[in-house]
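> Here are the chains, one letter per residue:
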Amino acid sequence: MESIQSPAKAPHSPSWYGGAIIVAALLHGAIRVFSRTTLLHNARRIEYRIRQDLYARLLALDLSYFNRERTGDLLSRFSNDLTNVRMLVGFGALNIINTAIVYLSALFLMARISPLLTLLAVIPFPMMIFVVKRISAAMFRRSKRAQEELARLTSAVEENVSAAAVVKAYCREEASIEAFAAVSRRYMASNMRMAQLRGLMIPVMAATGALGTLIVLVIGGQKVVAGLLTLGDFVAFNGYLAMLIWPTIILGWILNLMQRGAASMSRLNEVLLAEPGVTEPADPVTPARIAGMIELRRLSFSYGETPLLREISLVIPPGSRLGIVGPIGAGKSTLVRLIPRLFPVADATLFIDGTDINRLPLRTLRDAIGFVPQESFLFSRTVGENIAFGKGGADSGEIGAAARLASLDGDVARFPDGFGTMVGERGITLSGGQKQRTAIARALVKDPPILILDDPLSAVDAGTEEEILASLSGFYGSRTVIIVSHRLSALRGCDTIVYLEGGRIVEQGSNEELLARGGRYAALHREQQLRREMEEI
Amino acid sequence: MHFQGIYEDEIVGKAYDRRLLWRFAGYLRPYLHLVGTVLCILPLTTAAKLAQPWLIKQAIDNHIVTGDLAGLPAIALYFLLLILAESLLSFLEVWLLQYLGQRVMQDIRLELFSHVQRLSASFFDRTPTGSLVTRLTSDVEVLGEMFAAGIITVVGDVLLLAGIVGVMLWMNLHLSLVTFAVLPVLFWITFTFRRRMRGAFRQVRARLATLNTFLSESIGGMAIVQLFTRQREEMAEFTRLNGSYRDANMPVITWDAALYAAVETLSSVAVGLLVWYGSGEILAGTLTFGALVAFIQYIEKFFAPIRDLSAKYSVMQGAMAALERLFNLLDCNEVLAEGVPAPSPRPSPTGGEGEVSAYSGADDKKFPPPLTGGGKGEGERDIPFIRFTDVWFAYNGDDYVLKGFSLELRRGEKVALVGETGGGKTTVTRLLSRLYDVQRGGIELDGTDLRQIPLAGLRRRIGIVLQDPYLFTGTVEDNICLGDEGVRPRGRQAAALVGADRFIERLEKGYGEEVRERGNNFSVGERQLISFARAVAFDPEILVLDEATASVDTESERLIQEGLRGLMAGRTTLVVAHRLSTIRDADRIVVIHRGEKVEEGGHEELIAREGVYFRLYQLQFRG
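Taken in order, these protein sequences are the chains called E and Z.
Numbered according to my numbering, the first sequence spans residues 1 to 537.
Numbered according to my numbering, the second sequence spans residues 538 to 1160.
Hints are computed from structural coordinates only; laboratory data are not their basis.
Hints are not guaranteed to be accurate.
Below, a list of computed lysine-lysine pairs in the DSS-like style, where the Cα atoms sit at most 30 Å apart [claimed, not checked]:
1) Z:849 / E:133
2) Z:838 / E:133
3) E:144 / E:133
4) Z:838 / Z:849
5) Z:849 / E:144
6) E:223 / Z:838
Please take these sequences and the hints and turn them into a complete structure.
Right under this line is the structure:
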């Protein structure tokens, strides 16, 4: 500007300055690409790391955690909350750095022209910061609320989709749409409360910048007229102030990001800091092999306030077979789930081969146990992969052998691609019995010293049950076997049978002993016997 | 372990921005008044923005350069007013846009949800839960971002740009033209980059869906993962998917950064050109100082929305990809054709006694109030009959599960379906409640083909107890009544009838006890009792039981059997039976083998025949 006003005094021609601005702009552009790419790539890498950590944490948490948390809520944390955090460390960080650089350099250049004018021009800024601080505190709360509502929405969708068959069978489509609409409306309302604050933020920022311009115009103008400031300086000063406007507007957006990011990070921390109830032992004892003796010493377990098992003591010698019967809710499933430590077990209450299971490395413990759960959860992979799930790197011979033992081979032969047939959402729909037998094969392929069958044959007919039991009894050999069942026929050949009720063992002994005692087991046996006889007529 | 890439969502379709946007615009129709208001505010905001540099030019040229300070306060006042007006208007604009966005999101979400409700069971067999969840949450969220970032503000931006160009041309033609020399470059760059980014974007969203699918399944099967110490392998697979998602994002970021920087650089180049050319003009006396300052400010304002535009493009492209997926889902027409009531169903000779009921659509909501006796109250409703004629059905391709299956259930008859697992028993029950449509042959209810009966009406007449009992979050009572107020009064009675009341009343909060996700705070047996009570509470004309007593202990089973015996009276019942006691209660036994009916008749009769049933009986029911 000086060079335009008085060409003689300036060191360079006006066109030189024009050229300099263009060169500087190109350089600046290159730096921008670099810094933006670096920072945002970095944000993606951070997001990746956090996601890895989240998943690793989930893998370490015990079942009681998953019983408590909703799947949809967890999924929402993985996607929406993580996005907010990524925005914070990416765009947020990028713009904070940008803003800081622009502010510092502009203020420095402005102060060189006129310190007083600079001071006056930035007066609106502290006021703005005060206002913004108050807004963002509210934003944090509302943002967290909105995230929670979103999680609820996600759960609602998840649950509805999983239960599509039930919803259809009972014609509950309309009702579930209504329920979903209610959740969706609540989420919308919480978003609108956020929007009010968002709407407030941007004008506050823009007005601040404009107020600065106004001050410079009035005060600076007077100075120019009074000859205290050259016209060139005045124009330059104005230019620098203009540089601040955009970063200031951006600042409002960053603050918004920060609040959302912080709210979401606190939700992620809830997962990351969740304490697994089941952990690796501090001083592990690694036995050469597990023979399969299981001992329970006054084992108790409660879920929340509700006691499920009360002081159960029991010795299961290696190679023996234990049958567990009892009414619904007696604690049968809970008991067998404690053995692989799916739930936390108190010290010195559960022993395998004389070692407290809390001192066995989890891998050693669980690898020693073949477990067939009550509900046969299969993955959307091939039948073969589902069976091989029990043993990484199992070859087709092993898979085939396990399938034969579980009487699944006949079914597999009828599947379009044999063991390569996809299961579940993307493949064929297995019948309940087929699922159970796949789950049995999955447990057998591990060749475990301990086999736990939690009511494994509920969905197969008696004939198939017979077939599987016969084929399994060949497999039992020297293994310790625990079978939970409602059908006494499935417990044939068990050395010991315990009758659980209300979390306690009320009867224990061999089939003959229990029958001789004439207690609950005998009554149950009589009832099943009677029914069979009636059917024989 | 690689799972044969089964989670990979294929990338389909081409870029049809305009068509997608046009269709999306349809969702704005209910809110035209809001759109109108915003469109009215936009020019006002633009004018407020445009006037500010012009006022500065006036101040410099007319007052500061000339030394005439008298008019300066007035200009300052105008300036202040403009700032206030701009702030107020932009608050309104942001708020209205957010409101609009939220409303539209809500509409789309509900439309999607209702649409998904209508899709047939086969759709759910094929579609991973995780990807549907992504559709209804993340994808819709992206649309929200589109509003927040401003699909409509683009209109404002265009207005502002046009205004700035106009004012600049008006103030100084030459200088404007020199400055605008950068514009063709700008447009070329924006256009090229935009095209490149679109494909990359679609891939990002597809990989995200894949990741979420894996995750949701993995969380569901966590017990299995832990039991089989597969954490390492699952972690490895997760790492692969997570990494591929991260990598898909990288090129998008690079393109975006390059676009952003290009715009930024061009803006500085324009200022450079302005100074270079403008200084000559000032020296020549054809340009005032104030005009040059105003020009620089205009350029700053000119590039701000363009700079913003590149960010908006990213959002818009994300939104396009999301829209494409949402519309694909909405266009998925895997719906069972809604039945049209036939005018008068033809009577059937096998219908036997009683008159043939004309189908009575929505009126079916009225149930006979008492449950205890089974539907023979004063209501005197008609007991339906059912006929399967030469039914062929396959879940996939030619892999027929039912091959020419025929079956008749007379009014009030109890038919037991027996056979080996995988023989097609469950399929028969699914076809009866029309979760799927038959491929050949037909199923008739009271002489009317199922496909001619409105679905809701059909399913309301059938009470089905599924193999896997599914419980919802909510209370025990909610799970029995499924939120149907008409059913609620009978909920407890139904629970008592199937013997579920014993364990429910022992719960801390009884019927108000909270059910956690998938009912995982209840044992399988308890869940089965609840789902049984559910079927009973709805008091259906047709009862379908699929291995309903599988996980129930002997005592509970006895109770259920007792309850059932009373309940089956006055209804037509189809039982997939595994227990001889159920079979003995049946009027007729149908043996299904490999998708065909091989035998039928009474127990004694079939035993005497020494055929398939006899063998099954030897195997299944003596064990």
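> Which numbered hints does this structure break?
As far as the earlier hints go, not one is violated by this structure.
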